Amino acid sequence: GDSVTQTEGPVTVSESESLIINCTYSATSIAYPNLFWYVRYPGEGLQLLLKVITAGQKGSSRGFEATYNKETTSFHLQKASVQESDSAVYYCALGSNYAQGLTFGLGTRVSVFP
Amino acid sequence: GPKVLQIPSHQIIDMGQMVTLNCDPVSNHLYFYWYKQILGQQMEFLVNFYNGKVMEKSKLFKDQFSVERPDGSYFTLKIQPTALEDSAVYFCASSLKAETLYFGSGTRLTVL
Numbered sequence: 001g002d003s004v005t006q007t008e009g010p011v012t013v014s015e016s017e018s019l020i021i022n023c024t025y026s027a028t029s030i031a032y033p034n035l036f037w038y039v040r041y042p043g044e045g046l047q048l049l050l051k052v053i054t055a056g057q058k059g060s061s062r063g064f065e066a067t068y069n070k071e072t073t074s075f076h077l078q079k080a081s082v083q084e085s086d087s088a089v090y091y092c093a094l095g096s097n098y099a100q101g102l103t104f105g106l107g108t109r110v111s112v113f114p
Numbered sequence: 115g116p117k118v119l120q121i122p123s124h125q126i127i128d129m130g131q132m133v134t135l136n137c138d139p140v141s142n143h144l145y146f147y148w149y150k151q152i153l154g155q156q157m158e159f160l161v162n163f164y165n166g167k168v169m170e171k172s173k174l175f176k177d178q179f180s181v182e183r184p185d186g187s188y189f190t191l192k193i194q195p196t197a198l199e200d201s202a203v204y205f206c207a208s209s210l211k212a213e214t215l216y217f218g219s220g221t222r223l224t225v226l
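Quick mapping for you: the protein sequence lines, in order, are chains U and L.
1 is the number of the first residue of the first sequence in my numbering; add one for each residue after it.
115 is the number of the first residue of the second sequence in my numbering; add one for each residue after it.
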């Protein structure tokens with residue numbers, strides 16, 4: 001079946017430093033799945049951060065970027081300068097079968113300190 | 115952005131009893147999902163519901179589970195009877211086009 005592997009947390013980073021969360025995927029049901037990053041801020045539900053549905057394209061939102069790399073089957077999330085408000089749990093996910101929704105990674109807890 | 119509400123946020127129940135988890139999806143959405151997350155594990159797909167029917171379900175969706183959305187009201191997940199291994203956080207999601215999912219904050223179910 002499909003699977004997603006991402007950086008194991010927790011990750012601790014200081015404000016204004018850079019952040020990268022690695023994500024690699026394996027999709028057996030479709031060659032080029034849709035790829036997503038979701039985020040859960042403290043006390044809130046999961047929300048979509050960004051998505052990319054075309055291999056080779058980059059998605060960006062709130063200063064975060066992720067590029068769909070089909071050669072390495074990766075979708076790493078990066079931000080050049082984090083803020084305390086970026087403290088959250090980040091989930092990489094793929095969608096290869098619309099009926100089944102999404103396959104999620106374990107999530108990476110990120111704590112940003114001032 | 116669009117909000118999915120889940121009621122209640124916590125539920126504690128004795129093994130063997132019935133429980134119903136409620137989800138108020140985004141109003142114009144057409145696809146509805148339940149996911150299950152056991153502590154320390156990843157969120158896993160349970161079931162997808164569209165046009166009044168279950169479209170797809172995983173092997174986690176046991177015979178004791180059922181879903182419905184009567185008259186466009188709450189989208190519910192019923193477990194009858196409950197078992198200890200049903201203890202988890204259950205997330206509801208809805209979607210307009212079965213692509214971008216909007217999630218609720220989850221209901222933590224504890225089966226004693």
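Careful, some of the hints might be misleading.
[Unchecked claim] Taking lysine-lysine and the DSS-like style, the derived pairs with C-alpha atoms no more than 30 Å apart in a straight line are:
hint: 1; chain 1: L; residue 1: K176; chain 2: L; residue 2: K211
hint: 2; chain 1: U; residue 1: K58; chain 2: L; residue 2: K173
hint: 3; chain 1: U; residue 1: K58; chain 2: L; residue 2: K176
hint: 4; chain 1: U; residue 1: K70; chain 2: U; residue 2: K51
hint: 5; chain 1: U; residue 1: K70; chain 2: L; residue 2: K192
hint: 6; chain 1: L; residue 1: K176; chain 2: U; residue 2: K70
hint: 7; chain 1: L; residue 1: K117; chain 2: L; residue 2: K171
hint: 8; chain 1: L; residue 1: K211; chain 2: L; residue 2: K167
hint: 9; chain 1: U; residue 1: K51; chain 2: L; residue 2: K171
hint: 10; chain 1: L; residue 1: K167; chain 2: L; residue 2: K192
hint: 11; chain 1: L; residue 1: K117; chain 2: U; residue 2: K51
hint: 12; chain 1: L; residue 1: K171; chain 2: L; residue 2: K192
hint: 13; chain 1: U; residue 1: K58; chain 2: L; residue 2: K192
[Unchecked claim] Examples of chain L residues toward chain U, derived with CB under 8 Å:
hint: 14; residue: V118
hint: 15; residue: I121
hint: 16; residue: E170
hint: 17; residue: G220
In short, the hints are calculated from the structure, not lab data.
All values derive from a computational prediction rather than experimental measurement.
Backbone N, C-alpha and C define an ideal beta-carbon position, used for all residues, glycine too.
Hints versus structure:
{"no.": "1", "hint": "L/K176 / L/K211", "result": "holds, 26 Å"}
{"no.": "2", "hint": "U/K58 / L/K173", "result": "violated, 34 Å"}
{"no.": "3", "hint": "U/K58 / L/K176", "result": "violated, 39 Å"}
{"no.": "4", "hint": "U/K70 / U/K51", "result": "holds, 15 Å"}
{"no.": "5", "hint": "U/K70 / L/K192", "result": "violated, 40 Å"}
{"no.": "6", "hint": "L/K176 / U/K70", "result": "violated, 35 Å"}
{"no.": "7", "hint": "L/K117 / L/K171", "result": "holds, 24 Å"}
{"no.": "8", "hint": "L/K211 / L/K167", "result": "holds, 16 Å"}
{"no.": "9", "hint": "U/K51 / L/K171", "result": "holds, 24 Å"}
{"no.": "10", "hint": "L/K167 / L/K192", "result": "holds, 15 Å"}
{"no.": "11", "hint": "L/K117 / U/K51", "result": "holds, 19 Å"}
{"no.": "12", "hint": "L/K171 / L/K192", "result": "holds, 14 Å"}
{"no.": "13", "hint": "U/K58 / L/K192", "result": "violated, 40 Å"}
{"no.": "14", "hint": "V118", "result": "holds, 7 Å"}
{"no.": "15", "hint": "I121", "result": "violated, 13 Å"}
{"no.": "16", "hint": "E170", "result": "holds, 4 Å"}
{"no.": "17", "hint": "G220", "result": "holds, 7 Å"}
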